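Using the sequences and the hints given, assemble the complete structure.
Protein chains in written order, with my numbering: chain A, 1219 to 1545; chain B, 390 to 693; chain C, 39 to 480.
No wet-lab data here; the hints were simulated from the structure.
Keep in mind the model is a prediction, meaning the values are calculated, not measured.
What you were told as hints is all true, and nothing was included just to trick you.
Here are the simulated DSS-like cross-link-like pairs (lysine-lysine), alpha carbons at most 27 Å apart as the crow flies:
#1 1396/A <-> 526/B
#2 1396/A <-> 556/B
#3 487/B <-> 1396/A
Partial pick of chain B residues on the chain A-facing surface, computed with a CB cut under 8 Å:
#4 486
#5 505
#6 517
Label pairs and their in silico Cβ distance ranges:
#7 350/C <-> 404/B: 56 to 64 Å
#8 353/C <-> 406/B: 50 to 58 Å
#9 323/C <-> 425/B: 48 to 56 Å
Just so it is clear, CB atoms sit at the ideal spot from N, CA and C, and this is done for glycine as well.
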Amino acid sequence: MIDWIQLLGNAAQQILSPVTAAYALAALGLAIHFGYTGLLNFGQAGFMALGAYGYAISTLTFGFPWWAAILVGIGVSIIFALILGVPTLRLRADYLAIVTIAAAEIARLMFTTNTFVEYTGSANGLQGYKGSFEDVNPIPAGTYGVGPFTYNEYDWWVRIFGWGLVIVAALITWRLMKSPWGRVIKGIREDEDAVRALGKNVYFYKMQALILGGVFGSLAGMVFVLPRAVVPSNFQPTLTFFIYAILLLGGAATVLGPIIGAIVFWVSLSFFSGFVARAVEVGWLPFMSTVQAGQLQFILVGVVIMLLVIFRPQGIFGNKKELAFVK
Amino acid sequence: MPSSTPQKTTGLHVGEPAPGVKKVDPIIVADHIKRSFGGLTAVDVAHLEIPRGAITALIGPNGAGKTTLFNLLTGFDKPDTGDWAFDGKKIAGVPAFKVARGGQVRTFQLTKALGLLTVLDNMKLGAKGQSGESLAKALFPWIWRKEEQEIEARALDLLQRFKLDAKKDDYAASLSGGQRKLLEMARALMSQPQLVMLDEPMAGVNPALTQSLLDHILDLKKEGMTVLFVEHDMHMVRHIADWVVVMAEGKVVAEGDPHEVMKDPAVIDAYLGSHHDEDLGELDPSITEAVKELADDDADDVKH
Amino acid sequence: MAHAATTPTSRRWPRLVATLLAVLFAAVALLSASPAHATSQVGLDDNEFQVSGIVRLDGEPLEGVRITVEGPGQSAEAITNAEGRWAIGVPERETYTVTLDESTLPEGIAVIDESGENPTPNIREATVGPSGNVPSNFFIGEGQRNTTSVGGQIVDRFFLGLNFGLLLALVAIGLSLVFGTTGLSNFAHAELVAFGAIMVLVFGVFLEFPLPLAILIALILSMAMGWANDAALWKPLRKRGVGLIPMMIVSIGLSLAGRYIYQFFIGGETRQLPFATSTQFSTDFFGLSWIDIASMLISIVVLLAVAYFLLRTRLGKATRAVSDNPALAAASGIDVDRVIRIVWVMAGGLAGLGGILWGYFRPGVSWDMGFQILLLTFAAVVLGGLGTAFGALIGSIIVGLFVEMSTLVIAADMKYVGALVVLIVVLLLRPQGLLGRKERIG
Chain A
1219 MIDWIQLLGN
1229 AAQQILSPVT
1239 AAYALAALGL
1249 AIHFGYTGLL
1259 NFGQAGFMAL
1269 GAYGYAISTL
1279 TFGFPWWAAI
1289 LVGIGVSIIF
1299 ALILGVPTLR
1309 LRADYLAIVT
1319 IAAAEIARLM
1329 FTTNTFVEYT
1339 GSANGLQGYK
1349 GSFEDVNPIP
1359 AGTYGVGPFT
1369 YNEYDWWVRI
1379 FGWGLVIVAA
1389 LITWRLMKSP
1399 WGRVIKGIRE
1409 DEDAVRALGK
1419 NVYFYKMQAL
1429 ILGGVFGSLA
1439 GMVFVLPRAV
1449 VPSNFQPTLT
1459 FFIYAILLLG
1469 GAATVLGPII
1479 GAIVFWVSLS
1489 FFSGFVARAV
1499 EVGWLPFMST
1509 VQAGQLQFIL
1519 VGVVIMLLVI
1529 FRPQGIFGNK
1539 KELAFVK
Chain B
390 MPSSTPQKTT
400 GLHVGEPAPG
410 VKKVDPIIVA
420 DHIKRSFGGL
430 TAVDVAHLEI
440 PRGAITALIG
450 PNGAGKTTLF
460 NLLTGFDKPD
470 TGDWAFDGKK
480 IAGVPAFKVA
490 RGGQVRTFQL
500 TKALGLLTVL
510 DNMKLGAKGQ
520 SGESLAKALF
530 PWIWRKEEQE
540 IEARALDLLQ
550 RFKLDAKKDD
560 YAASLSGGQR
570 KLLEMARALM
580 SQPQLVMLDE
590 PMAGVNPALT
600 QSLLDHILDL
610 KKEGMTVLFV
620 EHDMHMVRHI
630 ADWVVVMAEG
640 KVVAEGDPHE
650 VMKDPAVIDA
660 YLGSHHDEDL
670 GELDPSITEA
680 VKELADDDAD
690 DVKH
Chain C
39 MAHAATTPTS
49 RRWPRLVATL
59 LAVLFAAVAL
69 LSASPAHATS
79 QVGLDDNEFQ
89 VSGIVRLDGE
99 PLEGVRITVE
109 GPGQSAEAIT
119 NAEGRWAIGV
129 PERETYTVTL
139 DESTLPEGIA
149 VIDESGENPT
159 PNIREATVGP
169 SGNVPSNFFI
179 GEGQRNTTSV
189 GGQIVDRFFL
199 GLNFGLLLAL
209 VAIGLSLVFG
219 TTGLSNFAHA
229 ELVAFGAIMV
239 LVFGVFLEFP
249 LPLAILIALI
259 LSMAMGWAND
269 AALWKPLRKR
279 GVGLIPMMIV
289 SIGLSLAGRY
299 IYQFFIGGET
309 RQLPFATSTQ
319 FSTDFFGLSW
329 IDIASMLISI
339 VVLLAVAYFL
349 LRTRLGKATR
359 AVSDNPALAA
369 ASGIDVDRVI
379 RIVWVMAGGL
389 AGLGGILWGY
399 FRPGVSWDMG
409 FQILLLTFAA
419 VVLGGLGTAF
429 GALIGSIIVG
439 LFVEMSTLVI
449 AADMKYVGAL
459 VVLIVVLLLR
469 PQGLLGRKER
479 IG
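Spelled out as structure tokens, the structure:
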């Protein structure tokens, strides 16, 4: 029989999970890029990889403390944004898409190659960089919480740190989008020539938006790897597509959309895949193996992306009028 | 109808009216502007002066290069050669946003209302030099709140003049074509420009709104601004323009008083000899190659 | 009990948790956000350190190879996953013996000892170092090492690159024609590529049809797939007036769904097409096999046919006209929708053919084989100029040669990096591509 309590418990765990926090943060960055500014960044996985590796390498190879490692991750992502932005922000939107996805792949392949194995651990990735971050954990050792939300002190610390970052990033985004800066950014999304004709340096604003969203992405990468090892295969283009799915789910030009989208995405995906896996085991789906059951969730994500774009471009929570697509 | 006969400004030029004639007080002086696409020359203007404090109309048949000239003068396109000055400052090669900051603001043939911004936000975006538009300061509202209130007051005032105040909280996308034209013009005025360049301000505007648009253009002159506009409607040109520049095949073929210039044989030639099919494509002849080949095939088929 | 069962990270019930993990591996794969097979990663959760590696042959991952690790506190085996990857957790900073079971390697393939001193290169030792993570990679090859001279290697690589470039051109021209006529940057083109190869696998291997018949069926189905793409999805979206960028995102969703549907049906492993790995077709001609030579000839013939179609036939001219200026083409009496439909059928067929050749070139058919060259295809198309068919051809050959020749100077696992860097540099210097027109990028 299917243990529904356990299925629901596993799904509920996704609400607080650091993975959800990381995706929410990355989706907020993408909301700034795509939802508010109209930049088609398909390389958010690259920003996340640079944040994660920036943190891990500066801790392991250079022995930096956690805060300096975070600063390195942020710095690297700013440089990455500049490299991407300088050639492409003057060009048509789909060029940025192709260049960002290519650049993210370059980053991933550079982390995968054996050439730099000494620093990157190549395909096996890196681990053992948590020490300095663990040391500043104010929570005394022990297990806390209720029901499915029971974790040890480190797990709580990662969750508090991750969701704390999400809240700060959401506040910054909310503040900015209500300011004259946000007005210019949204104007660029609507029609950059019109904004240029009003005397705004469109190129400069797009660069600022690319950097800001990229920094959110690199912080998301750090939150993503703090509870585990950093492995290059986690940063494939599919990661970026998942974040797009979250963004489209929640509403691209909203502050809460990416956060709620991330929670809904992971809770329902966990429940769905858990349910299918269990249903296969108990023989409800005789034509399917457990391995095949594992693929179903990815098919579902792809179909959901298509349906959302076609039938509900403003997202589940977005305002019908705010359907934020670049023309 | 309001403002029955507009007050025409005269005595703008020095000497006989002819292409490239000197003006008493020019706001724009352009020399040898040339722009070609592929093999076709879109604009080739030897010398042109736009008089200050007057309304100048830029007319000509389709494909005469009017919009291209607009794009060049405002920095939205780069010429092959050429030099021009705005208010005595050379601005060739200056990017569009800097041209706009210098006090030369434009509108577009296809109206660019920012659809998913409210009408009021559209207006506020037009104001120049806002400190809240800097990323660092945007985070601290107390730095720019007072400035924002002043901008809003100015925007509401302009919206009232353009009779859009009731729509201030609507998305610009919900406005009619004519209202968008009004909004675009009002937004341009938020930057307090010296020269307003309007690309076909009347195109697609409901006749009920044309008179009010005309009045607004005349008001700009009263407030001391210079207006340069592209238009097809000859009636409107005669009605409000103080000076007319006629372009054909990229060149300025005539200049003068709106009533006199229409009698110029060069102008009649230009209109009669124009090719109206050029609207379909860009000016690049190479991109019509395949269609021409097809047409040749058809011709061959007929022969056989 | 239920309390502990829902907290897999708890240390108090390791055995129960381990059992649950095995049962709920789908949920675990979800948590790690990477679709890893459970058997390729063994004991990582209850051990502090790990020994891990990748098994590859000429840069291509080998799946299903058995690796055992033995030493203090651990004796476990793992099977490499679709990426050729394996990892086994170990409890101590000690030395462990890693063994690769050579019987699980494809035939004619062995672990190679580079020094020539080790009689059993498939057994090695790995000592866990300060990072807690020790890579242990084996060198796999075909019995003896390649000892071609530098000059010979350049020529070999040139032909390899030319072959790759030509098949890439088949794929890229379809992508470029669709972009030219509809403005769509179609990410799901990758799945059309994989579709051709997978159909040959289905008919030629699973159903054991004769190979020529299987290829013919695969090509017809590929064209039908192109037709269906337009008829079922893209034409309705065009009629709805969906913008180009939303359409591009729809294509990403389609690509994702399509790829995992393939994986659902054919699984995660790489399978070989008939004769793909057989040695009976090898020639003395620059390391090429008859299959390589046939692949190049087929590509060239098909590319010439496409060129003839575009330049000489009425329909081809109409296609170019739509690509150049749809409004003008429609005004000249061309049925734009019909042209687009034909372009989709062509794109499907060319992508399918490219996919079959790619299946022989890699060699192997896998669910994500199309996605692996999607970015290179985009690079080729952008390099030549978006939307120009002949640009795509030249761009593809440059990318193909660049990818293969660059392995002479950089590590083979970075060969795609070079091509992607070139893509970015070209956009920086000449955004309209080599053959593109400047006006198009505005």
